[in-house]
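J.: Each chain is listed here by its residues.
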Amino acid sequence: MGRPIRFLLDGQVRELPDDTDPTLTVLNLLRYDLRRTGTKEGCAEGDCGACTVALGELVDGRVRTRAVNACILFAPMLDGRALFTVESLGREGALHPVQQAMVDRHASQCGFCTPGFVMSLYACRRDGEALDRAGLADALAGNLCRCTGYGPILDAGLDICPGVGASGDDADDDTLAEALVAIRPAEMLALNHGGRRFFAPRSADELAAVLADHPEATILAGGTDVGLWVTKQRRTLKTTVSLNDAADLARTLDLGDAVRIGAGVRYADAEPALAGLHPAFGDLLRRLGGRQVRNLGTVCGNIANGSPIGDMPPALIAAGATLVLRRGETRREMPLEDFFLAYGKQDRGPGEFVEAVIVRKLAAERIFHIAKLSKRFDQDISAVCLGLSIGVAEGRVTDARAAFGGLAATPKRAAAFEAALAGRPWTEAGVAPALDALARDFVPIGDMRASAAYRLEAARNLILRAVLESAGGRRLQDLEAVSA
Amino acid sequence: MRTVTRTRAVHAAIGHDSAPRHVSGEALYIDDIPEPPGLLHLVAGRSDRAHARIVRLDLSAVRAAPGVVAVLTPADVPGRNDISPFAGDDPLFAGDEVMFHGQPLFCVAAESLPKARAAAALAVVAYEDLPALLEAEAAVGAGSLIEPTQTLRLGDARAAIAAAPRRLSGRLRIGGQEHFYLEGQVALVIPGEGQDLHVWTSTQHPTETQHILARVLGCPDAAVTVEVRRMGGGFGGKETQSVQWAAMAALAARLTRRPAKIRLDRDDDMAMTGKRHDFVTDWRLGYDAEGRLRGAAFEMASRCGFSADLSHAINDRAMFHSDNAYALPAAEIVSHRARTHTVSNTAFRGFGGPQGMMGIERALDAVALDLGLDPLDVRLTNLYGVAGDLTPYGQRVTDAVAHELMTELAEACDYRARRAAVRRWNAGDGHLKRGLALTPVKFGISFTTTHLNQAGALVHVYTDGSIHLNHGGTEMGQGLNIKVAQVAADAFQVPLGSVRITSTRTDKVPNTSATAASSGSDLNGMAALDACEQIKARLAAWAREAFGHAPVFTPDGVQVGPERLSFRDFVNRAWMARISLSAAGFYRTPDIHYDRATHTGRPFYYYAYGAACSEVAVDTLTGENRVLRTDILHDVGRSLNPAIDLGQIEGGFVQGMGWLTTEELVFDGEGRLTTHAPSTYKIPTAGDRPPVFNIAIWDRGENREDTVHRSKAVGEPPLMLAISVFSALTDAVAAVGGHRVLPDLDAPATPERILAAVADVRRRAAG
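Sequences listed follow chains X and L, in order. The opening position of the first sequence corresponds to residue 18 in our numbering, with each subsequent residue numbered one higher. The opening position of the second sequence corresponds to residue 111 in our numbering, with each subsequent residue numbered one higher.
Hints listed in this document are in silico derivations from the structure and should not be mistaken for laboratory results. Mixed in with the good hints there might be a few duds.
[Stated by the list, open to error] When the alpha-carbon atoms are kept at most 25 Å apart in a straight line, the in silico BS3-like pairs for lysine-lysine are as follows:
#1 LYS362/X / LYS249/X
#2 LYS362/X / LYS429/X
#3 LYS255/X / LYS225/L
#4 LYS255/X / LYS429/X
#5 LYS646/L / LYS618/L
#6 LYS618/L / LYS249/X
[Unchecked claim] Computed footprint of chain L on chain X; a stretch qualifies when at least three of its residues, placed anywhere within it, have a C-beta under 8 Å from a C-beta of chain L:
#7 46 to 58
#8 96 to 104
#9 146 to 158
#10 198 to 209
#11 310 to 322
#12 411 to 422
C-beta: ideal position from N, C-alpha, C; glycine also.
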């Protein structure tokens with residue numbers, strides 16, 4: 018077959034043979050094959066951050082360094098990229114400034130989560146992020162610590178993430194960029210591990226061709242969901258097709274009246290465009306997973322895998338997004354809500370893939386609102402997620418799009434409620450009579466995140482809160498605002 | 111003899127000794143130790159029933175699976191199939207009857223972890239379901255208890271309550287808590303000659319691990335050496351719960367004569383190991399119009415799980431802390447310990463104390479609401495030192511400082527003005543309500559099982575002046591090793607760097623107690639000090655003879671009359687004179703005694719105190735909530751190490767906040783834990799830390815008892831400072847009904863529970 022997986026570790030070229038197990042995690046590669054045991058397994062599902070490593074890649078000629086979870090990152094996804102682990106930084110007696118700041122601030126107790134925090138902070142610093150306390154709390158939301166209460170870690174972060182641009186204490190980014198150019202793959206990565214195949218096509222066209230040959234393949238984007246199929250459900254993936262190396266799928270295009278988000282666009286990269294459509298998208302993205310998940314996971318992957326919860330689909334449905342599916346050279350476009358057929362079932366045929374989601378720009382006068390409810394504010398899967406887009410003329414609702422996650426087997430529009438709302442005054446009293454229609458739209462089920470009763474009551478109240486917010490009460494009556 | 115302290119080794123803010131290795135990834139946890147050749151990897155096969163008879167356990171496919179070397183079952187246990195700390199009711203592997211969902215049935219030893227995992231899944235088990243008691247109340251109703259119901263009485267509480275001008279009662283449900291130590295349970299065992307085993311395990315209790323492994327294997331304690339360098343977090347979850355896994359690895363190593371390792375993945379760890387007990391507490395108070403208590407009655411039921419584990423002592427401690435910091439003129443405290451078909455609940459930071467305190471704090475909030483008083487005033491009125499000094503268990507509180515702490519804190523955090531501001535805010539018609547609460551903690555220090563209050567240490571002084579320090583305590587992140595090293599460095603007046611911290615080993619210091627009950631530095635610090643003083647006494651006797659002067663240890667060397675020697679030269683000359691430079695130190699806590707039959711005595715050497723004030727905001731449309739600000743004033747006596755102590759205070763508070771807010775254990779109707787990973791079980795993140803968070807160590811703190819350098823224990827007490835958050839949330843919900851009715855808010859106060867309480871308050875306030 019083909020060529021080895023080629024990546025940089027501490028700036029040096031490393032190769033893994035072309036029969037490498039495609040779903041070998043980078044965590045296991047590090048701990049068991051490379052004996053780099055500083056990177057820890059805390060949960061093997063991308064929720065605790067103990068396995069955080071930094072991944073460098075070339076973006077428009079510049080090296081971007083980002084924190085990712087090694088526990089759900091498959092080794093072939095390192096191809097053409099630069100990996101940094103805690104061992105890449107400093108040793109006892111010659112610590113890196115990030116490590117030294119953590120020591121100086123008493124930011125470790127048991128120490129098990131510590132390398133993960135070090136790497137998250139390292140990625141921020143190397144990428145030149147200027148972070149205040151709230152920004153740091155966001156950047157570290159994907160790292161759990163059970164000992165410190167976080168204060169000393171945040172203090173260390175404030176010490177070393179002043180945002181002075183790419184840090185002088187790190188390896189020369191130009192050298193790294195050159196090294197990355199040197200290992201830039203000339204051909205598609207194709208692995209064969211005892212009949213289990215892995216392909217990483219380098220364009221949408223190549224992806225279409227590979228999928229034509231392997232129509233039942235598992236399509237892998239960031240792996241923040243598929244990774245768990247392997248580490249938690251212990252599934253064996255026979256054929257995997259990664260779209261991580263398809264450069265054209267990683268683009269966000271401004272179409273004038275809409276933005277087109279390619280299948281490979283990660284949450285982190287989609288954020289500017291989506292937040293540009295409405296700030297509520299930015300607020301939602303900030304709470305979607307931890308930073309490590311947003312650095313790998315994709316908006317389209319969140320759609321394609323058909324989670325009943327979201328978090329992106331309800332907001333995107335409300336915004337009137339459409340989905341572009343492609344098989345070979347054939348494309349079809351559908352309203353996003355039509356993609357979700359039933360629990361775990363989407364309108365995607367064999368060999369077909371989600372190529373992009375197109376989100377229309379919102380008219381300035383439209384009331385647009387996103388809400389997410391979860392037990393924990395940051396990095397939690399929602400119990401209820403709401404996307405709402407309302408047209409109002411002369412104080413009355415002209416048209417409504419209300420989509421919920423967490424209330425049904427799929428993300429779903431509240432058709433009865435939308436109908437009941439039409440023509441009603443957009444006030445608390447005006448909206449209230451329409452709320453009962455939600456019970457016709459949804460018969461939610463309860464689980465460990467929330468009971469059915471809470472979901473339905475909260476859904477009603479989220480609509481009321483949207484009314485209050487659009488009336489201008491937000492600054493005073495918003496938890497975010499009062500705790501800032 | 112004692113020398114005058116002149117170094118800054120004690121009472122100095124010195125960083126954790128392992129910090130440079132933590133941040134560089136060089137600190138070795140057990141799974142990081144280079145794997146020995148021939149290592150076997152173990153995976154335990156679990157029950158998927160809560161209570162059932164095993165009709166058939168067919169392991170033939172497991173045995174035949176690729177890479178499988180051994181399959182361990184009860185029949186393979188040469189000694190006793192029991193890993194319980196004392197009750198004899200905790201099998202290593204379930205026999206004919208499974209007692210909880212996730213109970214180990216067998217264990218596979220294979221050439222690799224994936225192979226072991228794949229093989230374990232091939233077991234064929236036929237069950238005959240038996241009725242399962244999943245909840246504490248159901249078990250108590252059915253008479254299923256781990257021991258008879260215990261009662262603690264002071265005076266005639268029923269009569270006092272009946273005679274009181276005012277009376278109130280209520281029920282509070284308090285959820286359990288998963289430890290979520292970041293490093294899961296893990297053990298590595300290497301067989302030696304004959305019956306010898308060397309066991310590396312992540313445990314808070316090396317001695318008990320040693321004893322139980324010997325019991326399981328049917329060999330002498332002396333054949334088993336247990337070693338612990340550090341844990342990636344413990345919090346009580348590795349006091350007894352670590353033993354089962356070490357025992358499986360030891361059994362595999364014994365039977366195959368190959369090294370064996372077991373490491374639970376997160377889901378197995380959460381499903382198969384015990385947690386903090388959840389409680390249902392009924393409270394009843396009698397009081398007067400000024401809010402002074404006349405009598406209190408608490409009836410508590412806790413879910414102990416299928417076996418006793420440490421539940422006797424945990425529930426005892428819950429009883430002892432039902433008064434928290436308040437003098438109860440008359441008290442009746444009833445404690446039911448329910449045996450349920452769930453995983454056996456265990457030690458968790460606070461050890462029942464937090465659950466005990468929750469009842470009285472809720473009750474005092476109810477009193478304040480009933481009388482229209484500020485809850486702070488009701489609390490201040492009833493404190494030990496103000497209202498009395500006799501505890502329900504007969505110990506006099508002679509060191510009461512809660513009143514000073516609370517008044518100082520109230521002043522420092524501007525409590526009165528903020529109370530007024532909160533009231534003004536809540537008078538508006540917005541859907542956001544605020545709450546404020548200032549609560550105390552008084553926590554008894556000592557193992558209530560009196561004989562456990564002992565410790566040993568081993569100190570060697572080498573002829574180059576370096577010092578090898580070993581003690582029976584274990585390091586789980588709490589900074590025990592650095593504190594004890596500070597004590598040793600101070601004793602000899604040598605630089606801290608001269609003291610070598612070493613791993614805890616049962617062959618160096620035997621017969622130790624668990625590192626638990628916040629006792630680590632109290633006990634081991636004193637034992638190490640004793641060892642140092644023994645060596646110093648020998649050195650002094652020799653010096654008086656050899657030099658004609660007693661030596662004085664100073665940071666600049668040892669002053670012997672007119673002569674000053676470096677520490678190195680001094681000890682080297684002592685060695686030449688054939689003076690032993692090694693000593694085993696020992697300590698037993700004085701003056702404590704306790705009669706469990708009557709629950710009276712002096713179970714605690716002293717009390718640790720703290721106070722916290724938290725302000726919260728609640729969204730009454732969704733139940734979402736936020737801690738806006740917390741201020742803490744905490745008493746650690748004379749801190750051995752303020753940097754370490756501050757870390758314990760902040761970390762304990764945030765952990766307690768998680769317990770009372772977002773951390774929810776959900777079992778389904780079959781007894782299966784559905785929140786078995788961080789995707790569903792939510793401990794606090796960085797963003798949950800109060801945005802304004804002021805923590806101070808009380809500068810007037812000093813232990814009245816003769817503890818190591820007059821310090822106080824700090825491991826557990828700060829966790830209970832988080833009750834201020836729960837009380838503040840209750841206060842915010844009460845605002846919905848104009849503080850006319852007491853919210854029926856249970857813990858953890860998830861958005862869902864808060865929203866339900868809001869609706870309930872609205873309904874009752876309107877009605």
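J.: Now tell me, hint by hint, if it's right for this structure.
T.: Tested hints:
1. Distance check on the hinted pair: LYS362/X and LYS249/X sit about 21 Å apart at the alpha-carbon level, within 25 Å; holds.
2. Distance hint between LYS362/X and LYS429/X is fulfilled; the C-alpha atoms sit about 13 Å from each other, no more than 25 Å.
3. For the proposed pair LYS255/X and LYS225/L, the alpha carbon gap of about 18 Å is at most 25 Å, so the pair holds.
4. Under the criterion of a C-alpha separation no larger than 25 Å, the hint pairing LYS255/X with LYS429/X is inconsistent with the structure, at around 32 Å.
5. Of the pairs offered as hints, the one joining LYS646/L and LYS618/L holds, with about 20 Å between alpha carbons and a cut-off of 25 Å not exceeded.
6. Proximity of LYS618/L to LYS249/X is assessed by CA-CA distance (about 41 Å); at most 25 Å being required, the pair is judged violated.
7. Counting residues of the stretch 46 to 58 of chain X whose beta-carbon sits less than 8 Å from any beta-carbon of chain L gives 8, enough to reach three: the coverage restraint holds.
8. Check on the stretch 96 to 104 of chain X: 3 of its residues sit with their Cβ under 8 Å from a Cβ of chain L, so the three-residue criterion for coverage holds.
9. Chain L is given as covering the stretch 146 to 158 of chain X, and this holds because 7 residues of the stretch bring a CB closer than 8 Å to a CB of that chain, at least three being needed.
10. For a cut-off of 8 Å, the count of residues in the stretch 198 to 209 of chain X with a CB near a CB of chain L stands at 0, and the three-residue condition is violated.
11. Only residues whose beta carbon comes within less than 8 Å of a beta carbon in chain L count, and the stretch 310 to 322 of chain X has 0; fewer than three means the coverage is violated.
12. Counting residues of the stretch 411 to 422 of chain X whose beta carbon lies closer than 8 Å to any beta carbon of chain L gives 0, which falls short of the minimum of three for the stated coverage.
When each numbered hint is compared with the structure, violations occur for hints 4, 6, 10, 11 and 12.
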